[in-house]
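Listed here are the chains, written in short residue letters.
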Amino acid sequence: MTVPTATSRMILVVGGGISGITAALEAAECGQQVMLVEKTPTLGGRTSQLYRYFPKMCHPSCGLEINLKRLRGNPNVRVMTQTEVVAVEGKRGDYRVSLKLTPRYVTQNCTACGKCAEAVSAEIPDAFNYGLSRLKAAYLPHAMAYPQRYVIDPSIIATAEGQKAKAACPVNAIDLEMVEEQVEVNVGAIVWATGWRPYDANKIQPYGYDRFPNVITSLEFERLADPRGPTGGKLLRPSDGQPAKNIAFIQCAGSRDENHLRHCSRVCCMASLKQTQYVREAGGDGKSTIYYIDIRAIDRFEDFYQMVQADTTVSFVKSKVARIALNEANNNPILHGVDTEGYHRYANEHDLVVLAVGMEPEITGLLANGGLRADIVLDSSNFIEGCAGGALEAGMFGAGAAASPLDVNRSVQSATAASLKAIQVLHKVASSEVV
Amino acid sequence: MATNLQTPAPYHNNFLREVEERVEEGEWVKMCMQCGVCAGSCPFGPHWEHSPQKIFMMIRAGKREEVLTSDAMWMCTSCYNCVVRCPRQLPITHIMHGLASYAHRLGLVPKGQPTHEFATMFWNNLAKKGRVNELKLTLALYFKDGLVAGIKTVVLAKRLNPMEIFGGHAIKDLKGFQAIIAKAREIEDKKQGLTG
Numbered sequence: 001m002t003v004p005t006a007t008s009r010m011i012l013v014v015g016g017g018i019s020g021i022t023a024a025l026e027a028a029e030c031g032q033q034v035m036l037v038e039k040t041p042t043l044g045g046r047t048s049q050l051y052r053y054f055p056k057m058c059h060p061s062c063g064l065e066i067n068l069k070r071l072r073g074n075p076n077v078r079v080m081t082q083t084e085v086v087a088v089e090g091k092r093g094d095y096r097v098s099l100k101l102t103p104r105y106v107t108q109n110c111t112a113c114g115k116c117a118e119a120v121s122a123e124i125p126d127a128f129n130y131g132l133s134r135l136k137a138a139y140l141p142h143a144m145a146y147p148q149r150y151v152i153d154p155s156i157i158a159t160a161e162g163q164k165a166k167a168a169c170p171v172n173a174i175d176l177e178m179v180e181e182q183v184e185v186n187v188g189a190i191v192w193a194t195g196w197r198p199y200d201a202n203k204i205q206p207y208g209y210d211r212f213p214n215v216i217t218s219l220e221f222e223r224l225a226d227p228r229g230p231t232g233g234k235l236l237r238p239s240d241g242q243p244a245k246n247i248a249f250i251q252c253a254g255s256r257d258e259n260h261l262r263h264c265s266r267v268c269c270m271a272s273l274k275q276t277q278y279v280r281e282a283g284g285d286g287k288s289t290i291y292y293i294d295i296r297a298i299d300r301f302e303d304f305y306q307m308v309q310a311d312t313t314v315s316f317v318k319s320k321v322a323r324i325a326l327n328e329a330n331n332n333p334i335l336h337g338v339d340t341e342g343y344h345r346y347a348n349e350h351d352l353v354v355l356a357v358g359m360e361p362e363i364t365g366l367l368a369n370g371g372l373r374a375d376i377v378l379d380s381s382n383f384i385e386g387c388a389g390g391a392l393e394a395g396m397f398g399a400g401a402a403a404s405p406l407d408v409n410r411s412v413q414s415a416t417a418a419s420l421k422a423i424q425v426l427h428k429v430a431s432s433e434v435v
Numbered sequence: 001m002a003t004n005l006q007t008p009a010p011y012h013n014n015f016l017r018e019v020e021e022r023v024e025e026g027e028w029v030k031m032c033m034q035c036g037v038c039a040g041s042c043p044f045g046p047h048w049e050h051s052p053q054k055i056f057m058m059i060r061a062g063k064r065e066e067v068l069t070s071d072a073m074w075m076c077t078s079c080y081n082c083v084v085r086c087p088r089q090l091p092i093t094h095i096m097h098g099l100a101s102y103a104h105r106l107g108l109v110p111k112g113q114p115t116h117e118f119a120t121m122f123w124n125n126l127a128k129k130g131r132v133n134e135l136k137l138t139l140a141l142y143f144k145d146g147l148v149a150g151i152k153t154v155v156l157a158k159r160l161n162p163m164e165i166f167g168g169h170a171i172k173d174l175k176g177f178q179a180i181i182a183k184a185r186e187i188e189d190k191k192q193g194l195t196g
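Residue numbers (the numbering used here), protein chains in the order written: chain Z, 1 to 435; chain H, 1 to 196.
Read the hints as simulated data drawn from the structure, not as lab findings.
Do not take every clue at face value.
[As the list claims (entries may be wrong)] Calculated cross-link-like contacts (lysine to aspartate or glutamate; reagent style DMTMM-like; alpha-carbon spacing at most 25 Å):
{"no.": "1", "chain 1": "H", "residue 1": "Lys183", "chain 2": "Z", "residue 2": "Glu328"}
{"no.": "2", "chain 1": "H", "residue 1": "Lys183", "chain 2": "H", "residue 2": "Glu164"}
{"no.": "3", "chain 1": "Z", "residue 1": "Lys318", "chain 2": "H", "residue 2": "Glu49"}
{"no.": "4", "chain 1": "H", "residue 1": "Lys63", "chain 2": "Z", "residue 2": "Asp126"}
{"no.": "5", "chain 1": "H", "residue 1": "Lys191", "chain 2": "Z", "residue 2": "Asp210"}
{"no.": "6", "chain 1": "H", "residue 1": "Lys30", "chain 2": "Z", "residue 2": "Asp339"}
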């Protein structure tokens, strides 16, 4: 029996969020060579955009710092940011992967001193804050960005602004001549840790996210709560900048809905329960109301749910809100629906509505670009189930939120498992030489 | 903690089974997850005795009499708002019609329920000749409560007033209505590439 030997002992990890970082480190700490590619200019992913984690209410920056320390100390991982997978050919043990490298226009000489940002006046929407604020077109993606190197936005490259940035750099780290590159690498196994994105709230027409300023998403709310966010950690209404005192959280905004995402996104109940505690901690007389179909405090988090239930600043309405109208006098959203505990019709006015939007696998974008191969099996919600051909041919694995809607804790478990599978592939393929 | 030693009332789902077998689209009822979107989306919401959400729960709770003698399913205007919004894509409008039809066959519809009266009238008119006789249907509808009541309806509502032939009466805010039509035409023209 002829089985191809692993011509490459390298593992490719696609996506540099918490799952990708974990998968890469677990394999690297087993002595494997790993290439970690990330399409944005920094590692960290969506996890770094969260203010706090449930259930311990600790800060993501803590775990990120530990992981980055592991990464710096490990020569087995090669990190490539602003890099996307364009195509995958070959089979397990011998994949040829085409990568597209988008220019950063800043070299490794960068000391992150920030002089370029001071020199530049052009601004772009701050993606880290989901566009809620703007930053300079020469920027560090966020405080804990890895690598700690500035990025020059392509929009100012051919302008005087670009020249200003270049002139301001004391270590000559800005190279405006950089161009897009395409490289091919040879790897034995691939871990897809491409993560998730929030469901597009504009598609939930009755909730008016596109029409009402004081209807925001749960991810935007995370940024509002963060002291390094656009409001300095104050929970302010987008319409008038006044503190939000009477906040509604709408669960299953896009999830568990055949018209939107058919799966339960699993994390949103816990995320909203957590966010009610931001409201409590903001002090004052802030109140939270959670509108829900049923609370799914997954796994061992029931005690967190009970803690929030006992909180006098939080109330619960068992009802999926049917639609939101606007009080034009004060821009307050008015929630219309019927509750399930007694079938009471309500029209409740709040000053801010937070839509607990669902998790959509980011892989759909890859599919559209043709970057994913046909032998990757997706479930009905486009999460990665596995590789066609079963155990003998599978050389590609989904990890974290690319494989299932998972919280950070479970993403790390999933990524560790995927990493082990990838290591097994290299060993199996290598040993089949002997057979 | 006190122990509850009471025997719970036995749970029968006989009525749910009956609905599943005999009511058109009735097999969908068990799929309802009681989120309440249908109830909150219904334009006639406050005027129903029981919302669809409540009706589905009553079916599961075995409240046969209350469901089938209710006028709730007769209040449905078939706007389909609930159907397009239902997260489980239940054909709620069709289930309502199925329940109404089943209640009619069993003779359980409340006496004088207007939608039921008209539906019966329409059906009988149609079934007789294989086509609707509009003159007979209209007259039967307006004079269903007798000659005097019929004349009152016709004259007060201006609907069949012979004088309507001279000009006729308009709706409230006719200009608003015409603006809607003009806007719709403008959007359609743009879509079809017919803009001047």
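Taking the hints in turn, this is what the structure says about them:
no., hint, in the structure
1, H:Lys183 / Z:Glu328, "holds, 24 Å"
2, H:Lys183 / H:Glu164, "violated, 29 Å"
3, Z:Lys318 / H:Glu49, "holds, 21 Å"
4, H:Lys63 / Z:Asp126, "violated, 56 Å"
5, H:Lys191 / Z:Asp210, "holds, 22 Å"
6, H:Lys30 / Z:Asp339, "holds, 19 Å"
The structure fails hints 2, 4 (numbered hints given earlier, in ascending order).
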